[in-house]
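Just need the whole structure built from these sequences, with the hints factored in.
In the order they appear, the protein sequences are chains A and B.
18 is the number that the working numbering gives to position 18 of the first sequence; each next residue is one higher, with no gaps.
104 is the number that the working numbering gives to position 104 of the second sequence; each next residue is one higher, with no gaps.
Worth double-checking, as some hints may not be accurate.
Where chain A lies over chain B, by a calculated footprint (3+ residues, C-beta under 8 Å) [to be verified]:
no., region
1, 3–16
2, 90–100
3, 114–123
4, 250–264
5, 300–308
Think of the hints as simulated: they come from the structure by calculation, not from any bench.
Ideal placement from N, C-alpha and C gives every residue a C-beta, glycine not left out.
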Amino acid sequence: MTDNEFIWRIAGGSGDGIASTSQNFAKALMRSGLDVFTHRHYPSRIRGGHTYTEIRAAAEPVKSRGDGYNFLLALGDSFARNPQEDAYYGNEEIKPLAENLDELREGGVIVYDSGLLDASEIEDFDARVEENNWHVYDIDLRNMARDVGREVMRNTAGVGVTCALAGIDLHWIEELMSDAMPEKILEPNLEILNKAHDMIIEEYDVDAVDVTVPEGSHDEEQVLMSGSDAIAYGSLDEGCRFIAGYPMTPWTEVFTIMCQNLPEVGGISEQVEDEIAAAALAVGASHAGAKAMSGSSGGGFALMSEPLGLAEMTETPVVLIEAMRAGPSTGMPTKPEQADLEHVLYTSQGDSQRVVFAPGTVEEAYTQTRRAFQIAYEYQIPAIVLYDQKLGGELVSLPASHFDEEPNPSLGSTLTEAELEEAPHDDSGKYSRFQHDIEDGVSPRSIPGQKGGRFLATGNEHTPEGHIAETPSNRVAQMDRRTQKLEAIAADLASQDESHQTYYGPDEATYGLMTFGSQQGTVEEAVDMLNDQGYSVKALGVSDMAPYPVEEVSEFIESVDEVLVVEMNASAQFRGLTQKELGQYGEKLSSLLKYNGNPFEPLDIVEGFETTIIEGGELSGPETKFVPAAGD
Amino acid sequence: MSAFSAIGDGQPTDQDDYTPELEPQATWCPGCGDFGVLKALKGAAEELGKSPEEMLLCTGIGCSGKLNSYFDSYGFHTIHGRSLPVARAAKLANPGVEVIAAGGDGDGYGIGGNHFMHTARENHDMTYIVFNNEIFGLTKGQTSPTSPKGHKSKTQPHGSAKEPLRPLSLSLNAGASYVARTAAVNPNQAKEILVEAMEHDGFAHVDFLTQCPTWNKDAKQYVPYIDVNDSDDYEFDKTDRREAADMMAETENALHEGKVLTGRYYVDKERISYTEEKQAIGEMPEEPLAERYFDDSYEWERSADLFLDKHK
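See the structure below:
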């Protein structure tokens with residue numbers, strides 16, 4: 001625990017406005033000069049069900065949720081199921097207070113809405129408060145809100161109380177509310193914010209509170225962005241103007257952002273009957289000359305397997321987004337997991353010919369999505385961006401300049417009519433769209449409506465003009481050419497100036513941590529903690545899944561004695577991929593796994609590392625699982 | 001200037017222009033109704049002066065999917081049941097392209113049934129030809145969604161226990177704005193209907209009876225046929241949804257009693273196409289999207305200019 005961070009958790013019921021209140025609060029903290037990172041926890045429910053958002057703010061960069069937190073604003077679940085029928089789910093109304101106590105740090109603050117919650121219903125509440133030296137404020141936020149206008153404004157009252165206790169200047173909140181709220185609701189919200197704040201200052205000794213908000217400043221302008229925002233903006237900046245999709249949590253966020261923004265840039269969005277159609281539409285639009293995308297979460301992506309294979313065989317560029325959530329089947333719809341890695345790598349019949357990127361941060365979500373479009377259109381291949389509910393939903397403060405980039409609307413290896421005149425055709429005038437021998441295996445394409453470009457695209461094996469053919473020599477030539485594209489892409493990626501992989505920690509270290517996707521920031525925080533404790537540890541976050549960066553990963557593994565691979569699934573899929581691609585190091589790689597629906601916290605990794613790698617012991621708790629290296 | 005100069009170039013065409021020189025020998029069985037579709041399509045394209053390079057023919061999988069091999073144009077031989085989502089997206093991306101989709105009864109009414117309903121509902125400006133032979137041909141004679149009740153096959157050895165699907169009624173209820181049935185044995189009517197279907201500004205569904213002499217001998221040759229629009233025995237208004245529905249039901253019943261009724265069943269010229277609907281609500285550009293990527297003077301929007309402020 002560190003004194004120079006403020007971790008605020010606002011807890012209530014699903015539908016109580018927790019998301020919007022916390023988003024505004026996070027932005028206010030960002031504007032005040034702090035780096036912020038949010039973590040969302042919510043149930044798969046329409047109304048009601050315990051939900052919380054945690055905002056971690058510090059003057060230093062924050063890359064992950066923290067270990068525990070130090071300020072709880074418990075609003076209570078106003079949509080709770082009838083408390084009289086509590087047999088199975090228990091008393092839900094009290095959960096935002098009761099279920100958040102375990103992770104509250106010693107000396108932390110509890111503000112709860114006594115208009116809705118009665119702390120005496122919680123077993124041993126007073127004893128726990130005393131034992132942990134918590135500061136408790138039972139404030140009737142509900143009544144306060146009713147007096148001013150509407151009960152829903154108790155969130156704002158809670159923010160006012162928070163600011164008074166933590167010493168946050170109200171003007172950050174007022175300014176933000178003025179930007180975000182329509183006038184009609186702004187006035188009463190400002191009133192209750194100040195009223196709640198002033199009441200605390202007048203009636204309580206705020207100096208008794210240990211928790212304060214650090215002060216910070218930014219060198220350049222910041223934005224508060226989520227991974228979903230970054231994926232959408234990356235797509236738009238690559239000239240993507242067509243999306244087809246079907247709603248599914250958590251992919252729906254990217255789909256929604258695109259649907260809301262595409263009309264403004266003359267684009268087309270289509271919500272269609274199912275994910276088979278969604279992916280097939282993206283293929284059709286791309287075939288007809290648009291930069292197109294689709295996407296889903298695991299279950300919907302399963303339906304996309306066939307159109308994905310069609311895009312591979314017809315060499316139609318397309319970008320698909322896969323937002324992982326806990327599976328199998330419907331699994332846990334609102335919980336993050338990284339168990340679809342093998343699914344996206346291998347689904348669809350035949351040898352896979354695709355690119356898969358797994359961005360590790362919000363910045364990477366933007367750059368890797370842009371890269372996915374570039375590779376897809378240059379090499380005429382499906383490119384998949386794999387992320388998860390954690391990266392998609394977490395809001396992070398970042399320099400605005402990172403997203404201040406020029407657009408790239410290039411269709412890649414596509415010919416104009418003038419170029420088609422010079423291109424090879426068969427005797428009947430059909431364009432040789434799939435030429436056997438050609439540099440990098442990329443045979444440029446034509447677009448329907450172009451003079452001199454007609455050809456047949458087919459999911460069957462085909463001749464250079466697209467005629468269906470099963471002769472062995474043509475089959476081998478076409479298969480080899482398509483495979484050659486993968487080699488060319490690997491060489492292309494390896495030759496780019498900056499590595500897409502993220503190295504963290506000292507150059508020389510005894511131990512390595514490896515991870516992929518959204519756990520990167522958490523692993524980095526764990527590396528800092530481990531080195532502070534005297535261990536010699538560095539980390540590698542891998543963002544290219546296919547083609548796999550064999551050389552970089554080999555060098556990293558070679559440079560340390562032992563590697564602990566951290567991932568959110570039960571079958572160590574990333575470690576399996578690494579061993580498959582590298583063909584060795586099985587004895588050096590062990591796994592730390594977590595699949596309980598919550599992402600790793602830095603301490604999970606620190607403790608897991610110490611217990612298993614250093615002490616050779618076994619993990620006792622149900623939270624994480626250790627799978628030893630093959631040689632152990 | 002358009003980057004797609006084949007579109008609307010008005011060049012005269014004749015049927016040979018749609019005949020690829022490679023693989024000229026169709027592999028359909030002798031006597032197959034699919035030859036009738038190919039001939040009617042070539043005739044219709046010629047009559048409308050559509051050049052091969054302004055046409056995109058999307059097919060599914062099955063004997064019908066071979067249409068792409070024998071009709072020379074831009075083609076997309078997709079996967080089983082998925083010709084419609086590929087086709088309608090191509091139409092959205094470049095509305096000037098003449099988009100035609102085709103598939104069999106298993107492809108369109110079975111595995112692709114969901115796409116059929118929704119493409120009809122959306123009323124995309126395209127033609128959809130269903131080769132309806134009431135059987136699975138390419139996989140050698142299994143019962144299909146339009147096989148009559150009691151139809152015996154290797155996979156239904158005791159005869160199908162299912163009522164056949166009613167393609168015309170389904171199409172009308174789903175929202176198609178042009179619904180017709182023709183038959184391979186009726187080449188003149190077939191060509192005329194395909195011409196009308198291609199000219200229709202909306203989703204035109206043509207249920208095309210294609211006899212399968214190899215696997216569905218029960219269905220014979222779909223003769224004699226009656227054109228319900230020409231026969232004095234049938235009186236109905238094809239622009240009236242209720243009357244059309246009744247005529248469709250009668251036609252679907254009659255087929256399994258050995259009476260082949262064909263013709264135009266429903267024509268709604270009032271309804272605007274999906275492209276126009278989307279343009280009306282501001283969710284579809286006026287200029288074809290595909291042109292933009294070839295327009296060097298187009299100023300592409302930057303997300304930083306448009307969207308970043310709300311994150312500050």
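So, going through the hints one by one against the coordinates:
no. : hint    : in the structure
1   : 3–16    : holds (count 6)
2   : 90–100  : holds (count 7)
3   : 114–123 : holds (count 4)
4   : 250–264 : violated (count 0)
5   : 300–308 : holds (count 8)
In the structure shown, a violation is registered for the earlier hint numbered 4 alone.
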